Amino acid sequence: MARTGRATAVVFSFSLFLAALISGAIHCGSAVSGVAAAADKPAANTDPVELLNVACDPTRELWQDINEQFGKIYERDTGRKVTIKQSHGGSSSQARAVNDGLEADVVTLAMWPDTDLIRRSGLIAEGWEKRLPENSLPYYSTIVFVVRKGNPKQIHDWPDLVKPDVQIITPHPKTSGNGKLSFLAAWGSVVTRGGSEDQAKDFVTKLYQQVPVLDVAARAATMTFSKKGIGDVHLTWENEGQQEVQDSKGELEIVYPPVSFKAEPQVAWVDENVKKHGTVDAARAYLEFLYTPVAQQMIAKHFYRPNSEGDRQKFADRFPPIKLFGITAVAKDWDDAYQKFFNDGALFDQISEKK
Amino acid sequence: MMHDHRQKGKGFFVNRTLPGFRLTLGITLIYLSVMLLIPLAACLWKVTQLGPAAFWAAVWTSRARSAYFLTFSASFISAAVTSLLGLLIAWVLVRYEWPGKRVVDSLVDLPLALPTAVAGLAYSALYVQNGWFGRFLVPLGIHGTYSRLGIVLVLIFIGLPFAVRAVQPVLESMEADAEEAATLLGASRWQTFWRVILPTLKPALITGFALSFARAIGEYGSVVFVSSNKQGETEIAPMLIVSKLEQNSYAEATAIALVLLAMSFGMLALINVLERRSRRHYA
Amino acid sequence: MPNAVATLTSAHVTAAARHESAVARRVLIGLALNVVGVLIVGPVALIFYSALENGIAAYWTGLVSNPATLNAIKLTLIVTPIAVVFNTLFGIAAAWLIARFRFAGRTVLTTLIDLPFSISPVVVGLMLMLIFGRLGYLGPWLQKMDIHVVFALPGIVLATTFVTLPFVARELIPVMEALGSEEDTAAISLGASSWQMFWRVTLPNIKWGLLYGLILCNARAMGEFGAVYVVSGRIENQTTTMPLQVQKLLEQGNDADAFALASLLTLLALVTLGLKVWLERKTRRQLAAVAVATGISEQAAENIHIQ
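Residue numbers (the numbering used here), protein chains in the order written: chain A, 1 to 355; chain B, 1001 to 1283; chain C, 2001 to 2307.
Some hints could be false.
[Claimed, not checked] Straight-line Cα separation of at most 30 Å, DSS-like style, residue types lysine-lysine; simulated pairs:
1. A/K163 - B/K1202
2. A/K262 - B/K1230
3. A/K262 - A/K227
4. A/K81 - C/K2144
5. A/K81 - C/K2074
6. A/K276 - C/K2144
Don't read these hints as lab results, they were simulated from the structure.
The model shown is predicted, which means the values in this text are computed figures rather than measured ones.
Take these sequences, add in the hints, and give me the full structure.
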């Protein structure tokens, strides 16, 4: 009798352990989604709403400002309080996480393939690009150079990057949007100006051999360059570069190469998750807010190039002119680009092998 | 590590007068199954879905090979250096009396208690250009951060307690006879060390080496702070696994993880064999 | 000849046989101190120095004014006790089983318990993703039930528990073996029930070893990085533990705060060390007493308790 009593005690305590874990899981789940655990119950009209914005790495400051403004406006318009949680990381890493179950209500990643990866796993509906104005592109950006004060190595254009003792900082293409964009910009800088594919291959091979550190994502690369003082030139987002230069108190300068890649960080809400959380309206309102003049001004303030119809020209003099090319300049389309450059065994892997 | 200590004359027969066999057996088996065996089985199952050809293709890419080589060599070098340093420190702690000895003795265990991320943070800050050590070493061309040297350094830190604690008890229990005999027969101090003391220490040194090696193979948290994340240079196997994960290549990540596991299990088995041998030596 | 040998083995020859010259001694001690200084003291000193570089006020504000940091501390303080408690319960059960009974598969069990030591933390995270991720084996079912494991607290708890699984068991098994089963058997034969034996006899005997394993488990659990990194999801204020937050702060360029948080973890490590030393002395005394009582050499008793 004592033995069965003990055995029951074991089973009981282990069930307690599992129950604790499960209730923790449910609690956390509902904390993130902001509704009770019963999935399809529609939220009451004045319940507070929580959104999870899974974003790429360098956009922290932008979203801080936007979230604050949106919170005020949404409450004024609908009477509901909205809290927006942020998660930042390398764009491709974030896409993977969302596919694995990170319950993003909206995704604001660096480039189309990352968002499309989420569509492919069934979480975002087909044709998501058309749901928001301008092909779901509230702002666009590009890749520029940041150099040390006075530009001692005289870096003005892409070929200067592979000068003998120039060290380049850029993130790892496999995990970071910035990383892939730098690669594509470098490749395109050759082929859009009359160079052959072989010359482009040579160029990027040399370039990556002069990269001492491949950080996982954009912000870490910024820190490596500006805080740790490693490298002579930093290939980064325009907005990240501008902010970096501002924060550096004169120690760094921004250099605009004559050509670069047009980065198109499209935004989307994640259908399956917003349905589950009951946040469809809030998520849509959040993303549509990005196109309003108020938001576009904040976007420009943070050095992202506004893309909303009316605001594009308004801030034109804030941004130096630069010739931008898109994905079709370097490959047939994104899938083709991935096959050529970023998939396993493709070009980046090949040039990483060379010593 | 686990050892089967059989002592004559003590009650280590199947003791059914003591209660709790079924209970503790049940708890242990359930816990180990849920926490350990099922996750491992999941890994194996995932890999079987690959099929042998795809498995081989995944684990034998050039990138994976570089990662294995780096992991293995960095762990090997750091374990070797750690063994030597461990011998030095253990010697000095056991053989001599000096002020502050107790403090140093306790400090040796710090790497066991310190979070790996903190270790990585500190090491990367120390050897970077304007760091405390870096400011002297970098001008000399010695880069202790974002380099293979950086990885080896941090692995030495991680493995040090194992090496010291493996040798220390052996040194403590060493008897003076053999040394005295050697001196009587005219051996110099160095000869005594080399011919008499060192052979006695060999099993312990090997154990220390194996323990630090095993510890170093899977290390991630500290290495991630000092690695430059470049294939073929500083991308160790655990980092490659994370990278594959981040790309949604689950099957490949698992395949490489299994190779890593095989390396570690091999080491574990070796350690157990060595331990058993050294126990026999001292029984 | 025998007489000559007899006179030669006098104290000063013994001394000469075991001691290097004073110079050699100093050199070796100096070398060892340098090694320890560079490898161990240096990093610790740097952490405290960098944390306090801008003054105590900045140190304090850095820690308490950042909600992400506070939440990270909170999360670590929630996850760690859970992992430690369950591993302790398991450790006691496993130690009792392995130290007191002989049965087929006993060595297999001991090897299994040691397994988490040789599994890289990122592989632990990978295993959890394979099972609990949305695309994992239990994924669809978990999604249907709206249960969150990865990217939420349970995943972090599981990862931490796995990694620290062996600590308590490994400490208790040698202690229980060295203690022997006499007292426990005596209690039973004197009529005590199982629980009485456990609470009144076994537990008090193993309490120092238990505490020792507990603090090691605790230190490791609070500092776990790799496994949590994989299952965390980087949701600010929600799934970031202290070590992860250190990395985040560093990524954000907030060096001072990163070091401040790291200094908390380092403090914990130093406290753990201190407790370890104190407890080691206690177990040593206890094992020595047992050795005297049962006649095995004290050194053998200690050898059981290595590491």
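Hint check:
1. Of the supplied pair hints, the one linking A/K163 and B/K1202 is violated, its CA atoms being roughly 52 Å apart against a limit of 30 Å.
2. Distance check on the hinted pair: A/K262 and B/K1230 sit about 26 Å apart at the alpha-carbon level, within 30 Å; holds.
3. The straight-line distance between the Cα atoms of A/K262 and A/K227 is roughly 27 Å, inside the 30 Å bound, and the hint therefore holds.
4. For the proposed pair A/K81 and C/K2144, the alpha carbon gap of about 28 Å is at most 30 Å, so the pair holds.
5. Between A/K81 and C/K2074 the alpha-carbon distance is near 25 Å, which keeps this suggested pair within the 30 Å criterion.
6. The hinted pair formed by A/K276 and C/K2144 meets the criterion: a straight-line CA distance of about 10 Å does not exceed 30 Å.
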